[in-house]
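At position 181 of the sequence shown (counting the first as 1) the number is 181 in full-length UniProt numbering, and the numbers step up by one without a gap.
Be aware that a few hints might be false.
Claimed, not checked - Simulated restraints on C-beta separations: (1) Gly86 to Gly130: 42 to 48 Å; (2) Asp154 to Gly201: 18 to 24 Å; (3) Ala101 to Leu153: 17 to 23 Å; (4) Asp154 to Ser183: 26 to 32 Å; (5) Gln70 to Gly130: 46 to 52 Å; (6) Ala98 to Glu147: 39 to 45 Å; (7) Asp154 to Ala92: 24 to 30 Å; (8) Gln97 to Gly157: 17 to 23 Å; (9) Ser195 to Gly134: 20 to 26 Å; (10) Gln119 to Pro93: 40 to 46 Å; (11) Ala192 to Ala88: 30 to 36 Å.
Claimed, not checked - No more than 20 Å apart at the CA atoms, straight line, and that leaves these computed lysine to aspartate or glutamate pairs for DMTMM-like: (12) Lys5 to Glu166; (13) Lys142 to Glu124; (14) Lys5 to Glu81; (15) Lys5 to Glu140; (16) Lys5 to Glu124; (17) Lys5 to Glu148; (18) Lys5 to Asp95; (19) Lys142 to Asp3; (20) Lys5 to Asp99.
Everything labelled a hint here was simulated from the structure, so no lab data went into it. Bear in mind the structure is a predicted one, so any value in this text is a computation, not a measurement. Using N, Cα and C, we set each Cβ at its ideal position, and we do this for glycine too.
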Amino acid sequence: MIDAKRLLDELVGSGVAGGLAGGLAGGTLAGLLSGKSGKKARKLAGSAVKLGGVALVGGLAYKAWQSYQQGQQPGAPTAIEPPPSGSAFLPAPGDPQADTALGMLLARAMIAAAKADGQIDVQETQSILGRINGLALPAEDKAFLFEEYGRPLDIAGLAATVRTPEQAAEVYTASILMVDPPSPPERIYLDALASALGLDGALAGQIEATVAASRAG
Numbered sequence: 001m002i003d004a005k006r007l008l009d010e011l012v013g014s015g016v017a018g019g020l021a022g023g024l025a026g027g028t029l030a031g032l033l034s035g036k037s038g039k040k041a042r043k044l045a046g047s048a049v050k051l052g053g054v055a056l057v058g059g060l061a062y063k064a065w066q067s068y069q070q071g072q073q074p075g076a077p078t079a080i081e082p083p084p085s086g087s088a089f090l091p092a093p094g095d096p097q098a099d100t101a102l103g104m105l106l107a108r109a110m111i112a113a114a115k116a117d118g119q120i121d122v123q124e125t126q127s128i129l130g131r132i133n134g135l136a137l138p139a140e141d142k143a144f145l146f147e148e149y150g151r152p153l154d155i156a157g158l159a160a161t162v163r164t165p166e167q168a169a170e171v172y173t174a175s176i177l178m179v180d181p182p183s184p185p186e187r188i189y190l191d192a193l194a195s196a197l198g199l200d201g202a203l204a205g206q207i208e209a210t211v212a213a214s215r216a217g
């Protein structure tokens, strides 16, 4: 059975410290899937090591949500904090099914965003899948990554699995983590995703600014 928390941790970077056997050479699994691996990705991965993937995504989404509601602009970079306990940005304590559902949703969002550029050709795709196969990941994690990476982009299908406005903000946050800064095709994808999720344009912009600020220091 897939451990959704572990999988999301691996995507945002905390899995690198715990068991990928150096196969990503200091990058993240997300960086491998998208063909991107830079200082910003590694910097944010350091926060993921401390928080874990679900708390990292939820913390960024919560911070952006609060700033949006209060009409604030992102200020100087600050430490990423998890959402407060009991908020709608985290599953209720003691609800493993909700934990799994949210982790899988965010993982799918990140993998979909990794493919949004459309610039990775068949040869590069095979290379990426080959490297994933060589990583020290459980077989079920690899099978999930292979299946999702090979799946055609389906923005409507992804958005249909979102249950709350807070989840919509988290899905968009997870997607931004994969494409910041976005290429022109990724920009088109993000705009379509925000529309499908029903996100207000100002909230989507706040999420992007919050993620960018978290990487600026």
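Range hint 39 to 45 Å (beta carbons of Ala98 and Glu147) holds or violated: The hinted range 39 to 45 Å is violated for Ala98 and Glu147, with Cβ atoms some 23 Å apart.
Within a Cα-Cα threshold of 20 Å, do Lys5 and Glu148 meet the stated pairing? OK: Lys5 and Glu148 at ~17 Å, within 20 Å.
Taking the beta carbons of Asp154 and Ala92, is their distance inside 24 to 30 Å? Between Asp154 and Ala92, where Cβ atoms are some 29 Å apart, the hint holds.
Is the distance from the Cβ of Ser195 to the Cβ of Gly134 consistent with 20 to 26 Å? 38 Å, violated
Measure nothing beyond the straight line between the CA atoms of Lys142 and Asp3; if it is 20 Å or shorter, mark the hint as holding. With Cα atoms ~12 Å apart, Lys142 and Asp3 stay inside 20 Å; holds.
Between Asp154 and Ser183, is the Cβ distance one that fits in 26 to 32 Å? For Ser183 against Asp154, whose Cβ atoms are near 20 Å apart, the range 26 to 32 Å is violated.
Honestly, do Ala192 and Ala88 meet the 30 to 36 Å range at C-beta? 24 Å, violated
Does the Cβ distance between Gly86 and Gly130 fall inside 42 to 48 Å? 44 Å, holds
20 Å Cα cutoff - pair Lys5, Glu140: Status holds; Cα separation ~13 Å.
Status of the given 17 to 23 Å range, CB of Leu153 versus CB of Ala101: Holds: the Cβ-Cβ distance is about 21 Å, inside 17 to 23 Å.
Check the following: the C-beta atoms of Asp154 and Gly201 are separated by a distance inside 18 to 24 Å. 23 Å, holds
Is Lys5 close enough to Glu166, meaning Cα to Cα at most 20 Å? Between Lys5 and Glu166 the Cα gap is close to 18 Å, so the pair holds against 20 Å.
Of the hints listed earlier, those the structure fails to meet are numbers 4, 6, 9, 11, 16, in rising order.
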